[in-house]
Amino acid sequence: MKRTLKRAGLMPLLFAATATPAFAQSIDEKINSVFASATGWFVNLIFSPFPGTSFPWIVAWLVVAATIFTLYFGFIQFRAFPHSIALVKGDYSDPDDAGEVSHFQALATALSGTVGLGNIAGVAVAVGIGGPGATFWMILAGLMGMASKFTECTLAVKYRNELDDGTVSGGPMYYMTKGFKERGLPGGRVLAVLFSIFTILGSFGGGNMFQANQAHAQISGVIGDYPGVITGVIFAALVFAVIVGGLKSIAQVTEKIVPIMGVLYVGTALIILLMNFNMIGWAFGQIFAGAFTGLGVAGGMAGALIQGFKRAAFSNEAGVGSAAIAHSAVRTKEPSTEGFVSLLEPFIDTVVICTMTALVIIITGQLVADPETGRYILTEGGTIQTLDGSSGVALTSAAFSSSFGWFKYILVIAVVMFAFSTMISWSYYGLKAWTFLFGESKGAALSFKVIFCLFVVVGAAASLGPVIDFSDAAIFAMAVVNIIALYALMPIVKREVWSYLDRLKTGEIKKFN
Amino acid sequence: MTNTIVVAYDGSDSAVRALEFAVDRAKHLNGSVVVAYVLEWSPYQFLTPDEIEQRHKRRKEELKRAEEAVISPMIAKYADSGVPLKPVITYGHVAETLIKIVKKEEAVQLVVGRTGQSNLSTRLFGSVASSLAQSCPVALTILP
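Chains A and B, in that order, are what the protein sequence lines are.
Mapping to full-length UniProt numbering: the first sequence position 379 is 379, numbers consecutive.
Mapping to full-length UniProt numbering: the second sequence position 85 is 85, numbers consecutive.
In case anyone wonders, no lab produced these hints; they're calculated from the structure.
There's no promise every hint is true.
[To be verified] Among chain A residues calculated to face chain B with C-beta under 10 angstroms, some are:
| # | residue |
| --- | --- |
| 1 | Glu29 |
| 2 | Asn32 |
| 3 | Ser33 |
| 4 | Ala36 |
| 5 | Ser54 |
| 6 | Pro56 |
| 7 | Trp57 |
| 8 | Ala60 |
| 9 | Asp165 |
| 10 | Thr379 |
| 11 | Glu380 |
[Unchecked claim] Cut-off 27 angstroms, straight-line C-alpha distance, at most; resulting in silico cross-link-like pairs (DSS-like, lysine-lysine):
| # | chain 1 | residue 1 | chain 2 | residue 2 |
| --- | --- | --- | --- | --- |
| 12 | B | Lys57 | A | Lys449 |
| 13 | B | Lys64 | A | Lys333 |
| 14 | B | Lys60 | A | Lys511 |
[Stated by the list, open to error] If you want the ones that stay clear, here's a sample from chain A, every Cβ over 10 angstroms from chain B, calculated:
| # | residue |
| --- | --- |
| 15 | Ala86 |
| 16 | Ala108 |
| 17 | Ile271 |
| 18 | Ile325 |
| 19 | Val330 |
Using N, Cα and C, we set each Cβ at its ideal position, and we do this for glycine too.
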């Protein structure tokens, strides 16, 4: 019955939209201008630079936090790396717990929420503005971000809420309230409410509108331009079917295809790199040279650094607190184990996948440099001139297609699938924040889900500029609040983790396989 | 060497015949029967965030259902047979887990039905019975 309703609801809308494209086009424009004027002040606040510089304070905020966590936990991301792999492989899983969510599953689900457009479009944006040097800062931010992710996920498991029926609810809002109370610190509740509000905004922005927007851009790039409202309505109907209708089959298909797409993407990138292996050294040369001199990009070294840090943070979400919500639902006796597993996320997402994308763009010569000076040619907008003038997903697509013409079609499917799985993940994060604010009732949950679906349509219809700005702003606002809480609670994580590592050393925590 | 026989039991008709056969054999051997119910589960299967949240609750429900609706009635049925029956309910890859149970219980024989609760994947990739025929370390009896 649900299916009939869906079809009945969708068809007239689709028909109306296709029959009067001019009308739909003007809706697009209207949504766009209302959206830009409504969110501008928020974006400006989050991205305002330090006085007298062009360096946004928020970028420093994230990097300083990642550095502090890295030092405070004694480079835990490198020391515990082998143990993290062993946990994911199931070496420490009690066979009696078979049937519970495994560490592998928790990691895979969290990854399917973060791996996506950030790795394809975001990297292209970073390299397109910041040049190859942005890659260096992106990798560095990814490596440091592993410590932030580790801290937040350990806390999320430690302070999650277990309901009587065996389900769990967790995330930064719970460690903010419970953890602050335990340490006798004030303000936990205020932070939790702020975090929840920003999470809801983030789930509408980067977790939803940005995804719908880029998915539409990809589809219309292949089949020809048409109003974004149509893509929006179709996507909204599919998301609605999964999150409201509980239509598991769609989610299951996505969850199966997404990893295949991920492997195909990385595999193709590897093949392109192998085909051009003699240029890999040159590409890294460009990356290092660009990291410190800027190679003529707008803003010089700072420009490359800001772009790299920004896109890394947006892609792996370390310090943002979103993955903490996903990881908190896992059953484990030791909160630290989930922290160890989660630190692999920024590694896979940023250090591996994002770097692949950047290398392919650089090696296939998409960025046009002046043959005499070796510096990149800039367009009027301050971005680097690309071979065919493309940016974002289109730039990545052009880079991959220059080696394999068919890849652009694969990329369309990948983008649509990544977008969809990211939406499903973020609908869950947003919902957790929503129910934290408004209580765990069916009505509250349904109202969030319906609003979420409406934003899918808005995202597909609005143009990229305002959407990407708002997405970044909302997600970074989550990080502002989350990182304050992480600073306050990091001694608890230290106690927890040191005790775990001691017991691991003495053999109290034993291997099963 | 014990005289333990492991029987794979999932409530299907051929599993009922397998259990009957195993109890009969155990009687002759003066042995015991381990009634194993393995719920198909892979730690590498992908789940949505919602499914992860629900998993612990679902697992509890599945185990309870397996215990109450599938295993207990059969244990009760053979209570007077004189053969001790021990239930084992667990999760995992069915064939691999059965072999693990056989080794752990030091069983002399494994009895399975030819067709269990089949689904599309067993039709595509072969049944539990046929993969056990390739890898079972003790005598294997497959009941039709």
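Each hint, compared with the structure:
Of the supplied interface hints, the one on Glu29(A) is violated, with its beta-carbon coming no nearer than about 35 angstroms to a beta-carbon of chain B, more than 10 angstroms. Interface hint at Asn32(A): violated, since its Cβ lies 31 angstroms from the closest Cβ of chain B, which is beyond the 10 angstroms cut-off. Given hint, Ser33(A) at the interface with chain B, is violated; its Cβ is 34 angstroms from that chain's nearest Cβ, farther than 10 angstroms. A distance limit of 10 angstroms between C-beta atoms decides the matter here; for Ala36(A) the minimum to chain B is near 31 angstroms, and the interface restraint is violated.
Below 10 angstroms, beta-carbon pairs count as interface contacts, and Ser54(A) has none with chain B, the closest being about 38 angstroms; its hint is therefore violated. The criterion of a C-beta within 10 angstroms of any C-beta in chain B is not met by Pro56(A), whose closest approach is roughly 30 angstroms, and the hint is violated. The closest approach between the C-beta of Trp57(A) and any C-beta of chain B is roughly 32 angstroms, which is over the 10 angstroms cut-off, so the hint fails. A hinted interface residue such as Ala60(A) counts as satisfied when its beta carbon comes closer than 10 angstroms to some beta carbon of chain B; here the least separation is about 31 angstroms, so the hint is violated.
A least Cβ separation of about 6 angstroms between Asp165(A) and chain B falls short of the 10 angstroms threshold, and the interface hint therefore holds. Interface restraint check: Thr379(A) against chain B, minimum CB-CB distance 40 angstroms, threshold 10 angstroms, status violated. Because the smallest distance between the Cβ of Glu380(A) and any Cβ of chain B comes to about 43 angstroms, over 10 angstroms, the interface hint for this residue is violated. For the hint linking Lys57(B) to Lys449(A), the alpha-carbon distance of about 23 angstroms falls within 27 angstroms, and the restraint holds.
Between Lys64(B) and Lys333(A) the alpha-carbon distance is near 22 angstroms, which keeps this suggested pair within the 27 angstroms criterion. About 25 angstroms separates the Cα atoms of Lys60(B) and Lys511(A), which keeps this hinted pair within 27 angstroms; it holds. Its beta-carbon lying about 14 angstroms from the closest one in chain B, Ala86(A) satisfies the requirement of being farther than 10 angstroms from that chain. Not every CB of chain B is more than 10 angstroms from the CB of Ala108(A) (nearest about 6 angstroms), against its label as outside the interface.
Non-interface status of Ile271(A) relative to chain B is upheld: no Cβ of that chain comes within 10 angstroms, the nearest being about 25 angstroms off. At the 10 angstroms boundary, the C-beta of Ile325(A) falls inside the reach of chain B, the nearest C-beta of that chain being 8 angstroms off. With a least beta-carbon separation of about 7 angstroms from chain B, Val330(A) fails to lie farther than 10 angstroms from that chain, contradicting its non-interface assignment.
Of the numbered hints stated above, those contradicted by the structure are hints 1, 2, 3, 4, 5, 6, 7, 8, 10, 11, 16, 18 and 19, listed in ascending order.
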